[in-house]
Amino acid sequence: MAVTREIVLHIAKLSRLALDEEEVVRYQHDLNQILGYVAKLDELDTSEVEPTTHAVPTAMRLREDRAESRLTIDRVLMNAPAQEDGMFQVPKVVEG
Amino acid sequence: MAQTIGQYLKRFQAGETSEAAVEAVLARIAADSTNAFITPFKAESVRAKAKEVDQQRAAGQVLGPLAGVPIAIKDNLCMRDTRTTAGSKILSNFVAPYDATVVRKLKEAGAIIVGKTNLDEFAMGSSNENSAYGPVKNPADATRVSGGSSGGSAAAVAADLCAASLGSDTGGSIRQPAALTGIVGLKPTYGRVSRFGLIAFASSLDQIGPMTHCVEDAALLLKVIAGPCEHDMTSIDQPVEEWTHNVTQGVEGLRIGLPKEYFESEGVDPEILAAVRATIEKLHEQGATLVEVSLPHTEYAIGTYYLIATAEASSNLARFDGVRYGHRSDDVEDLIDLYERSRSEGFGDEVKRRIMLGTYVLSAGFYDAYYHKAQQVRTLIRRDFERAFQDVDVICGPTTPNAAFKLGEKTSDPLRMYLEDVFTISCNLAGLPGISVPCGKTSDGLPIGFQIQGPAFREDLVFRTAGAVEAAQ
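Chains as they are written, first to last, in the working numbering: chain A, 1 to 96; chain B, 1 to 473.
Here chain A stands alone, though its shape is the one from the complex (with noise of 0.2 Å):
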């Protein structure tokens, strides 16, 4: 298998996803299955082929470097799960 359980828990820390034992048991499957499905894309030859990044071949557009605003403070806090002094409230993150 080449997912282990070791890789899924590592993926689901990555993931900022907590997993419970039921879970990683069947992450570790359903990945390990799918990507034996995708292991099929090895029987092409890419050596000398250019990765699409883009669906459509386009330029990139530029616009005017002036400071737009669209949202107000409130409409950007009107969904803050908790919010003060007009910032979002998390839990603390630097010590001291």
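Calculated directly from the structure, the hints in this document are not laboratory data.
Predicted model only: the values in this text are computed from it and were never measured.
One or more of the hints may lead you astray.
Unchecked claim - Quick list of in silico lysine-lysine cross-link-like pairs, DSBU-like style, CA-CA up to 35 Å:
id: 1; chain 1: B; residue 1: Lys441; chain 2: B; residue 2: Lys10
id: 2; chain 1: B; residue 1: Lys260; chain 2: B; residue 2: Lys282
id: 3; chain 1: A; residue 1: Lys40; chain 2: B; residue 2: Lys406
id: 4; chain 1: B; residue 1: Lys10; chain 2: A; residue 2: Lys40
id: 5; chain 1: B; residue 1: Lys441; chain 2: B; residue 2: Lys410
id: 6; chain 1: B; residue 1: Lys410; chain 2: B; residue 2: Lys260
id: 7; chain 1: A; residue 1: Lys13; chain 2: B; residue 2: Lys89
id: 8; chain 1: B; residue 1: Lys441; chain 2: B; residue 2: Lys282
id: 9; chain 1: B; residue 1: Lys410; chain 2: A; residue 2: Lys13
id: 10; chain 1: B; residue 1: Lys441; chain 2: B; residue 2: Lys406
id: 11; chain 1: B; residue 1: Lys10; chain 2: A; residue 2: Lys92
id: 12; chain 1: B; residue 1: Lys282; chain 2: B; residue 2: Lys406
id: 13; chain 1: B; residue 1: Lys282; chain 2: B; residue 2: Lys10
id: 14; chain 1: B; residue 1: Lys107; chain 2: B; residue 2: Lys42
id: 15; chain 1: B; residue 1: Lys10; chain 2: B; residue 2: Lys107
id: 16; chain 1: B; residue 1: Lys10; chain 2: B; residue 2: Lys51
id: 17; chain 1: B; residue 1: Lys107; chain 2: B; residue 2: Lys51
id: 18; chain 1: A; residue 1: Lys40; chain 2: B; residue 2: Lys410
To be verified - Far from chain A, by Cβ distances over 12 Å, these chain B residues were calculated:
id: 19; residue: Ala2
id: 20; residue: Thr4
id: 21; residue: Glu16
id: 22; residue: Tyr98
id: 23; residue: Ala109
id: 24; residue: Arg192
id: 25; residue: Thr244
id: 26; residue: Glu261
id: 27; residue: Asp337
id: 28; residue: Ser363
id: 29; residue: Gly365
id: 30; residue: Asn402
id: 31; residue: Leu407
id: 32; residue: Asn428
Note that the Cβ used here is the ideal one computed from N, Cα and C, for glycine as well.
Here the structure of chain A is known, so what remains is to put chain B in place on it, guided by the hints.
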């Protein structure tokens, strides 16, 4: 009798009020058993909007092209001061602070938006069974799915709860539910319609599109929502056309490509192939040339998609962290705990699975083997189409390998569900326009969808063919 946009507009011209028209729609929404809506709008506010349009009409004001017409929108589209859930628990209390560009355009056109429709959570799914707000039942058969992820938008149109709806399509999420419910669904060329205000799933694949009773309505609705947008840097500066003119143009002289990989594919319901072939024959009788083509990388499309889409999703869904909006877990120890618990409590199973897969394929040591490889195969898939379009104008085939399946039939095996998208998925990878048009029913009475794909920005060819398919039924 389901009412098209065109029929609503004719009735208003003949003197009927939007208020009366909308009353009938509200009654049907109230009686709806498909679970098409997550948030049907309050009757009083819908009535008020309809009254406003009637007053403007009576005063002789110039009205927009959708004035008074009831439209529903998928609940991954932000609508200002309206609950917008993306079908997820994590946004159950989220009220959008702004309108998506397409919503603003609908409003400017005078449309009466009647509610936010149900979807697979964060648009991840092919059956609308991944919604935190319950599955959507197929109006053709209540024991079966409506397809996904725009299952609610499809059911709302099929059950005549609105004249038309907007859906979104990342791997087939407009076309597949359109096929399974027997309506028309278009995914425009990538960049044709602004994604500003669409809650992002996979940014290089997502497109918003119309879901309608008839091809002409799809052309009309596309004209309203299409066009470059300064808030979406992936929207392309291509002119909006009079696509309704193409709908009746006919297919004389049109070269129709039939990919052998679609028609030789095992596991496609023979009744679907028969219906699609019968329609192709009719197009041939009307003067179209049939050309066998090959899209040799078709069998790699699903694998490519599930690497690219999940990678992009893992990035796009990182913003749901309990800090600025959405669900925040109570009683957390520290910031990391806040992130992990809020996300784990708020996200459903399929979403977590895809985030995990996406994170894995982007992670150090695996990026080259998976994500980079997938991007290269994506190029090969695009080239297949470019090559084919040198010899043909459009590519046709079935939209789905099977008709609507039973609720619960495919939920135990994620991979089995992914294979639903085999015919629709390449279209998103290549950024092309694709439409599903009804072309008959199975012996069980279930709708069958006919898919037409065109070159980039050639919706004119797609509508030409779609109009002919519809007329041939």
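- Message: For a C-alpha distance cap of 35 Å, please report whether Lys441 (chain B) and Lys406 (chain B) respect it.
- Response: OK: Lys441 (chain B) and Lys406 (chain B) at ~16 Å, within 35 Å.
- Message: Minimum C-beta separation from Gly365 (chain B) to chain A exceeding 12 Å: can you confirm that?
- Response: violated (10 Å)
- Task: For the pair supplied as a hint, Lys40 (chain A) and Lys406 (chain B), confirm whether the alpha-carbon distance does not exceed 35 Å.
- Result: holds (29 Å)
- Query: Are the Cα atoms of Lys10 (chain B) and Lys40 (chain A) separated by 35 Å or less?
  - Reply: At roughly 53 Å apart (the allowed maximum being 35 Å), Lys40 (chain A) and Lys10 (chain B) break the hint.
- Message: For a C-alpha distance cap of 35 Å, please report whether Lys410 (chain B) and Lys13 (chain A) respect it.
- Response: This hinted pair holds, its Cα atoms lying about 29 Å apart.
- Over 12 Å to the closest beta carbon of chain A is the bar; see if Ser363 (chain B) clears it. violated (7 Å)
- Query: Would Thr4 (chain B) pass as off the interface with chain A, using Cβ distances and a cut of 12 Å?
  - Reply: holds (31 Å)
- Are Lys441 (chain B) and Lys282 (chain B) close enough, with their CA atoms no more than 35 Å apart? holds (17 Å)
- Agreement of Lys40 (chain A) and Lys410 (chain B) with the hint, judged by alpha carbon distance not exceeding 35 Å: holds (23 Å)
- Item | Given hint Lys10 (chain B) paired with Lys441 (chain B) - CA-CA distance at most 35 Å | holds (29 Å)
- Is it true that the CA of Lys410 (chain B) sits at most 35 Å from the CA of Lys260 (chain B)? holds (27 Å)
- Query: Regarding the assertion that Tyr98 (chain B) does not contact chain A, is the least Cβ-Cβ distance greater than 12 Å?
  - Reply: Tyr98 (chain B) is in fact no farther than 12 Å from some Cβ atom of chain A, at 7 Å.
Violated hints for the displayed structure, listed by number in ascending order: 4, 11, 22, 24, 27, 28, 29, 32.
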